[in-house]
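Asks: Guided by the hints, dock chain R with the ligand onto chain U, whose structure is given.
Residue numbers (our numbering), protein chains in the order written: chain U, 1 to 163; chain R, 1 to 570.
Treat the hints loosely; a few may be bogus.
With a Cα cut of at most 30 Å, we get these calculated DSS-like pairs of lysine-lysine [stated by the list, open to error]:
{"id": "1", "chain 1": "R", "residue 1": "LYS211", "chain 2": "R", "residue 2": "LYS349"}
{"id": "2", "chain 1": "U", "residue 1": "LYS76", "chain 2": "R", "residue 2": "LYS268"}
{"id": "3", "chain 1": "R", "residue 1": "LYS236", "chain 2": "R", "residue 2": "LYS211"}
{"id": "4", "chain 1": "R", "residue 1": "LYS268", "chain 2": "R", "residue 2": "LYS496"}
{"id": "5", "chain 1": "R", "residue 1": "LYS185", "chain 2": "R", "residue 2": "LYS268"}
{"id": "6", "chain 1": "R", "residue 1": "LYS342", "chain 2": "R", "residue 2": "LYS295"}
{"id": "7", "chain 1": "U", "residue 1": "LYS76", "chain 2": "R", "residue 2": "LYS185"}
{"id": "8", "chain 1": "U", "residue 1": "LYS76", "chain 2": "R", "residue 2": "LYS57"}
{"id": "9", "chain 1": "R", "residue 1": "LYS236", "chain 2": "R", "residue 2": "LYS297"}
Just so you know, these hints were derived from the structure itself, not from any lab.
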Amino acid sequence: MPLLEDGRLVADDWVTVADDAPLPDPPAILTLARLRAEDLAGRNAPLGLALDPATQPEEIADLLPRLSLVAVLLPKSKDGRAFTQARSLREHHGFQGEIRATGHVLPDQYRMLLRCGVSTVQLPEGADPAVWTRSADLVDIAYQPARDAGAPLGLRRRRLERV
Amino acid sequence: MNAYVDVTALPAPAYPPHARTYRYDEVDREFLQERIAEFSGQVERRLAGALTEDEFKPLRLMNGLYLQLHAYMYRIAIPYGILNATQLRQLAMIARRWDRGFGHFTTRQNIQFNWTRLEDVPDIMRALADVDMHAIQTSGNCIRNTTTDEYAGASPDEVADPRVYAEIIRQWSTLHPEFTWLPRKFKIAITGAPHDRVALQAHDVGVVVRKNAAGETGFEVWAGGGLGRTPVLARKIRDWVGEDEFLAYLEAVLRVYNALGNRDNIYKARIKILVRDLGDEFAERVEAEFARLPKRKYRLDPEIVDQIASHFAPPPFAALPDNPQAYAQALDGNAEFAAWAKQSVRAHKAPGYASVTISLKPIGGIPGDASAEQMEAVATLAERHSFGEIRVTHVQNLVLPHVRQEDLLAVWDGLRAAGLATPNIGLISDIIACPGMDYCALATARSIPVAQMISERFASLDRQLDIGECFINISGCINACGHHHVGHIGILGVDKRGAESYQITLGGSATNDAAIGELVGPGFAYDAVTDAVETILRTYVAHRAAGERFVDTYRRIGLAPFKEALYAVA
Ligand code: SF4
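Chain U with its partners taken away, still in its complex shape (with noise of 0.2 Å):
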């Protein structure tokens, strides 16, 4: 499936991984399950977690050091638990990892998705990356503090610039 990164298709490394299948060479994400039942002493290959949108980023907090990206997933779009997970991976945790937004996401949620700390979204196959970033850069006034670079605000009011 395309990925979107900077507003741009790029080329995706990874594959998701069934729980049932072999473990691949390249990079893989791979459920919670998996990763708490499979002996990954000897990988060397990046590690990826497809995270469940009602586990808390808490649960997996140990296993962050061993991970390379983190999926968060949309089930529906109007299902936001992701936007709050992405947060607090970053905010709480320090992840700095990819973070990549996957399931039924919409155009209009990339800059929220991107304020909370999101890197990368898993497109629709045939999407339009162009429609997605001019969704994001629609509204470039800010209210509130996220995720954004930057000095702190607090309240104060912002113009954001997407980098």
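Replies: Below, chain R with the ligand alone, put in the same frame as chain U:
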């Protein structure tokens, strides 16, 4: 890195004293235009088929657009219920031009138009933006319009001005990146007075602004209230949050809710269910989240508070004596005026001034409705007599907050000419009713006609005065938009095998003594409800001790005498 940078800190505007409402500057206006462009684009994508109706629905709801029984309903935000005269005139214009000449004021201190055509919405949005208004976040699963005390800045019992913090909440929650896709809608009420006029415990979050012994401002926070099919009263989760940590604390509450609120069943998705199920653990989780939040980032800067507070500076009150002779004489010489003043005029913190509550509940009328002409009449009176300021109350009336006592007779004359001088504030015909079957697609029964029947039955002012303070709340279905659970007399219309049946609860309250009403027994048919209310009130009158209001008597004698009177076999 793929993220946003806060490129520029935008200045907070400074304004002349007494701006009446929060005054927009270029930044706020630019934001509004961006938001209009965003919604227009969403409408285009919907029309082009790029968005499914399922995907579009939450987006249109977040812009105040509902699909009702006969047409779209457009709900316009009146932040914390404060309007200036120019804005009210514009609402009158919209009512006339794009609706049927009426607007409907709601219990959320907003206004809605019930006959909106989708193709007119962009024009209406622009007309609203011309007077710094919009419909953002009046619906949908986001943080809704914050409500506050309709007498804020005027009431003698006020400890701190809640409008300042209501505006701070408004700004903070506007397109909040994390809390726009919550499990359900989220309603915050805030008060700065010890007497609860905001139904604090019926809200997802209720905030009391307080001052400590050192004169510092802080907040008492309640959470988990809500009506709907499972009514729950909010519980207190914090005695004191310092002003600078207010937003950090709200972030923590919302984060816990967004992470843990039920997503599978919309009837279990409100925060009240989470708070009820978690019990004390809810507050503990909020504390844990609060403790680890980067406080510097979420700090509420006192400078920002001051700047926003400058918008709500007191109007230039004249030095006037209380109870001027002109007013006393008018009261003495005009019984009708005196009767109205008794119900509608309220003490003010500035000597020589008063607040006037305008009833939108004429006998036999639709609660909360106002015609374009009436809105204009109120706007004119506000300009002449109340520094151009109007409030919308959570019981669907209007308020002129700052009227000179010597002008009260002139205000009454003006209201009378506009058909707005019904002297029934706080009395039995000051009914809250949801739109019900007349407009609402979810309704199981009529609501407005029941209000009309009851108000006609008790049309006599003498009778109403004899009954005294008694609040009737009517909902047309279990969603409880008419807040029937917290009415002294609550009426819920349900569908019973194809016929409307009205369940009556007694003893509810939405103020400091908040309580959920108790069901009196089996429901009543549509044409028997008014008789049932009559019986209930007769029972009260027969049992009351001197000075007791309906709800006091009810609390003393309980349900049994009412049950007996209602269901006794003749
Ligand atoms: S209570 Fe029911 S009928 Fe009344 S407005 Fe709400 S949803 Fe509609």
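Asks: Hint by hint, say whether it matches the structure.
Replies: Against the structure, the hints come out as follows:
{"no.": "1", "hint": "LYS211(R) with LYS349(R)", "verdict": "18 Å, holds"}
{"no.": "2", "hint": "LYS76(U) with LYS268(R)", "verdict": "18 Å, holds"}
{"no.": "3", "hint": "LYS236(R) with LYS211(R)", "verdict": "17 Å, holds"}
{"no.": "4", "hint": "LYS268(R) with LYS496(R)", "verdict": "24 Å, holds"}
{"no.": "5", "hint": "LYS185(R) with LYS268(R)", "verdict": "12 Å, holds"}
{"no.": "6", "hint": "LYS342(R) with LYS295(R)", "verdict": "49 Å, violated"}
{"no.": "7", "hint": "LYS76(U) with LYS185(R)", "verdict": "17 Å, holds"}
{"no.": "8", "hint": "LYS76(U) with LYS57(R)", "verdict": "13 Å, holds"}
{"no.": "9", "hint": "LYS236(R) with LYS297(R)", "verdict": "26 Å, holds"}
The structure shown violates just one earlier hint, number 6.
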